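Peer 1: Each protein sequence line maps, in turn, to chains C and X. With the working numbering, the residue at position 163 of the first sequence is 284, and numbering never jumps. With the working numbering, the residue at position 243 of the second sequence is 249, and numbering never jumps.
None of these hints come from the bench; they were simulated from the model. Any given hint could turn out to be false.
[What the hints assert, rightly or not] Capping the alpha-carbon separation at 25 Å, the derived lysine-lysine pairs in PhoX-like fashion look like this:
id : chain 1 : residue 1 : chain 2 : residue 2
1  : C       : K236      : C       : K277
2  : C       : K236      : C       : K301
3  : C       : K236      : X       : K11
4  : C       : K277      : C       : K192
5  : X       : K11       : X       : K228
6  : C       : K335      : C       : K347
7  : C       : K186      : C       : K277
8  : X       : K125      : C       : K192
9  : X       : K228      : C       : K192
[As the list claims (entries may be wrong)] Listed next, the stretches of chain X that the computed footprint assigns to chain C, with coverage defined by at least 3 CB atoms under 8 Å from CB atoms of chain C:
id : region
10 : 196 to 209
11 : 219 to 233
Note that the structure is predicted; figures quoted are calculated from it, not measured. Heads up, the beta-carbon is just placed ideally off N, CA and C, and yes, glycines get one too.
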Amino acid sequence: MALLAVNQVSKHFGGLVANHEVSFDLYEGDVLGLIGPNGAGKTTLFNCIAGFYPLTHGSVTFGGKDITNLKDFQIARLGLARTFQIFQASGDLTVAENVMVGSFMRTRSRSLARKSAEGCLDFLGIADTGGAMMTELPVAAQKRVALATALASDPKLMLLDEVGAGLNPSEIEGLIEILKRIHSERSISLLLTEHVLEMVMAMSHRVIVLESGKKIAEGEPAEVVKDPEVVKAYLGDHFVKRREEDGDA
Amino acid sequence: MEAVKNAFDFADMPKSELTIAGLGMAFLLLFPVLPHSSFAMATMIQFLMFSLYGMGWNLIGGYGGQVDLGKAQYVGIGAYTTAVMMIRWDVPFWISTPIGLALAVGWSFIIGYPLFRLKGHYFAIATIATSLVLKDLFEVWDFVGGARGLELPLKGDFPNWLYLQFREDYYYFYILLGLFVLGLLVVNGFRHSRLGYQLRAIKDNEDVAKSLGIDAHWSKIKAYALATAYVAVVGSFHACYNFNIEPEDIMSLDLSVLIAMMAMLGGAGSMWGPIIGASILVPMKSYLGDWLGGQAGLAGLDLLLYGGIIMFIAAAQPRGVYGIVEAVRARRRK
Ligand SMILES: Nc1ncnc2c1ncn2[C@@H]1O[C@H](COP(=O)(O)OP(=O)(O)O)[C@@H](O)[C@H]1O
Ligand SMILES: [Mg+2]
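Okay, chain X solo, but in the shape it has when bound (with noise of 0.2 Å):
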């Protein structure tokens, strides 16, 4: 089948970067196995997280152009559905993650219909607001435990596959770098997909798509239903593995805005984009933050350099770090 020959299609991008990828995707393989603290494996996991939401909310924002700040949404609606069917019909995380996804998937249909009949900064602000009201609801819905959020009960077991409960975090990383690997196989094949093309014709210039026959408004709300899917799973995947979800937490605007940051950092519309802002991003946030928290009087400095982040790549190079690499080997092929 074409779309899966797609997905497996490396041919277009240059040596060096799939040699970086290569070495990349060994050291992760190994890290588990390397000398590490439990602090710097904690911080492995958020990467591959924030990697797998980034490489989701790159499919809409970064390929369509479509810059979507209510991400947040959606990690809630996998976690919760996961916690939920775990707690009170004791309902393993595999099961409960595909269901979580569709529960997911179908809210982005019904809001990304008539969000994406607005454009620029209407769409942003209007993916903030239903991300909000959604978080809103859950902090006063008691069936899901209001704003106390929910604990997930230990099922014993260790290591116990069915509901995703491990003494070991390495157990944990190596599930998400399964999930790493299938993600980035499917941006690839999204990337040669005509729904690819045409998002990418969209970003360009809407009219013009429209007078190729692309229907932008319906080509859209798919992009965002699939982006949905990653930013779902691993909404999941965070509920059984932090074993506590709050709204505050997983629903957040933050949250959101940090998902939106690791694509638009490191590159949106690119596919390691999202990859390499996170490897910048989430061990800024974990060393930084732990070490700034610990500094009387400047816990959310940190916040505060990510807002500067973002002004200057906007400013400098909205194209992000991997902008950065495509300009400088344009200037050596001439």
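Pulled out of the complex, with its shape left as it was, chain C reads as follows (with noise of 0.2 Å):
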């Protein structure tokens, strides 16, 4: 059984088609890609996903539940964390406080809540930053701690939203690295978006491509890349034609 369905999914703002028809399952020990242009529609399927937008059509299921009309936090409760692409880290907590406030999802103890807290932050390499404030720290650090707040939340499957944009091809090798061990010592799940494709490549199992809102492509990572449709989208439609002509001669 799938760990999350996605079921013909739709998504209007108006008259703009962010999300058509979308389907995919994603199984248990995933990790699966989603990739294409700005603005393909990778943001508002993780929105509709998370329970953060309705559906226009379709529906989603999650550990064999419906979820389709549960509300944001109930379906994180259910063990399906997100992380934003746009993240307005501010003010009021330290990076420790922060964490703890996923941790706080599974428990109402202070001191249990600051334990695993503690924990998650050890487990991303940034044990050192706990009494910082947010605004302190650079942007692979705060990525880091959003990871370490949705870690703390003992999800079963994560979302993370372009995790890798804004960050230098070193500090995008030392978060490969963190995905990976998220994945394979706490067994969660993943699914992630990225327009930049390297790092999705790097990581996916499995990869879809959506392009206008729609799915094109999906398969391993090698043969979705030689998929003319997806080189297209990707890179418009004179680089196919000379992909073809290279090939001819």
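Take each chain as given, in its own frame, and dock them per the hints.
Peer 2: This is how it looks when you write it as structure tokens:
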């Protein structure tokens, strides 16, 4: 049985079709990449799955349970965590307190929450930042705090929206390492979007390609990148033609 | 129990703050035996009352970031419950106060449920509106004395602990000081509780909070109810202390704004904020108000001054006086 099943999901904003009849299954233990150019509808699909937007059509099940009409916080409690593409860090909480908010999803006790938060910060290699304010950290560390917070809520599945955005190549390498450990050591399934391919390609067992709100391809990363439709979506028609010409020569 | 442990846990506070708090507490304990004018005593009582109002407001307005400008309606519910029950049925303060608290908190759930569907300015305006509507209702409701309000009868038997009637002000002072300490402990427990963390997360970023399983709407309602409890109890106390209550005095927009100002000036979302605010604003209000009221044509000028202070705070240091302290401390650390 699929851990997450997305069935014919459509999302319209007025006349704009942001997602059109998107379907896919994600199984326990999967690392699934969701790629597509900017504006393809990846973030919107995340918002639909996680209950932040009501669907126009379609349904979503998680762990066999229909979550289509559940509220965002109810879905989170079932074990579906998400991070945000645009993450605004601000004022009142320290890094450790931020992560504790994640832990408080599973316990009322402050001492237990603190212990679990410390464990998560340690897991992500940022144990030394616990006392800092979010705004004092560089972007790469802020992203790790967001991951630690999601991790602290002890999810079964994490939806990660462009966690690699704004990071340099060595930071991306570190991030891939971390995500692999989250997947293997904590047995958490991952669904990640990226409009830069390298990270998703390096990690995913399977990839889904969105373009203009529609799913245009699904398969193993190496196959999908060869798909002319995908290349076209990313690089435009002339690139496909050039490749064809190259192939002819 | 962890909740009790949390209330007495001050380990995360800087030593300097605890020292100042200790000295302040010693001063408060000794104040009645130090030489003082009765005007100074009355001002100190106002200081304690407004500290408590502000502490309550701070739970939802400061930690939760929901600017509430309608707290006076709950002062009214507390005060009127105590006054009406005493006048009509001879009910003592200690019984009418929990009833007033329960009524106020019940009303806060009814009001809070639709109100917290609103965001930002709309929420603030709606709190003003509900408070004023309730005040208007009380002004035309004969059972509670209409616009003339209520006068509490003297029960004799001084010092009368049952009905909170005393000849000497220090009785009122020490009762309030007890509430003040209790109030502080509850805030300290709240700050360390799951709800306290969740509320700050909501203030930080409501979407992130929801993604962490927080029912933001319900969390706000709960904090609002707790805030209301503070305000209602002080309202009940006010009725006994003042012997006279009128809608215009205790349910006015002026009072709601003043309550919000305590925490905003002192530092919204910090534990000491409302107390710092009250220690600045209350003396200013009574001494300056007294003096200005005596000068022909200058009455009301103090209100202008408060407006100026709030505008300055909003522009220069949104985290209030305590924010300045924190900024200085952060710079020293570097
Ligand atoms: N809340 C919204 N209201 C209206 N249009 C939106 C909203 N969110 C996204 N869109 C539109 O939906 C389309 C898909 O956006 P998005 O899901 O953010 O794409 P991606 O994450 O793949 O870059 C875009 O055309 C975007 O402008
Ligand atoms: Mg996006």
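Peer 1: Taking the hints in turn, state whether each one holds.
Peer 2: Structure-based check of all given hints:
With a C-alpha separation of about 20 Å, the suggested pairing of C/K236 with C/K277 holds against the 25 Å cut-off. Restraint check for C/K236 and C/K301: satisfied, since their Cα atoms lie roughly 23 Å apart, inside the 25 Å limit. Note on C/K236 and X/K11: the hinted pairing holds, with a Cα-Cα distance of about 17 Å set against a maximum of 25 Å. Restraint check: the Cα-Cα separation between C/K277 and C/K192 comes to about 18 Å, which is no more than 25 Å; the hinted pair holds.
Of the supplied pair hints, the one linking X/K11 and X/K228 holds, its CA atoms being roughly 21 Å apart against a limit of 25 Å. Between the alpha carbons of C/K335 and C/K347 the distance comes to roughly 18 Å, so the proposed pair stays at or under 25 Å and holds. Annotation: proposed proximity of C/K186 to C/K277 holds, straight-line Cα distance about 14 Å (limit 25 Å). Restraint check: the Cα-Cα separation between X/K125 and C/K192 comes to about 18 Å, which is no more than 25 Å; the hinted pair holds.
A hinted pair counts as satisfied when its Cα atoms are at most 25 Å apart, and X/K228 with C/K192 qualifies at roughly 19 Å. Here's how the region 196 to 209 of chain X fares: 8 of its residues keep a CB closer than 8 Å to some CB of chain C, so the rule of at least three is met and the hint holds. Counting residues of the region 219 to 233 of chain X whose beta-carbon sits less than 8 Å from any beta-carbon of chain C gives 4, enough to reach three: the coverage restraint holds.
Violated hints: none; the structure is consistent with every hint.
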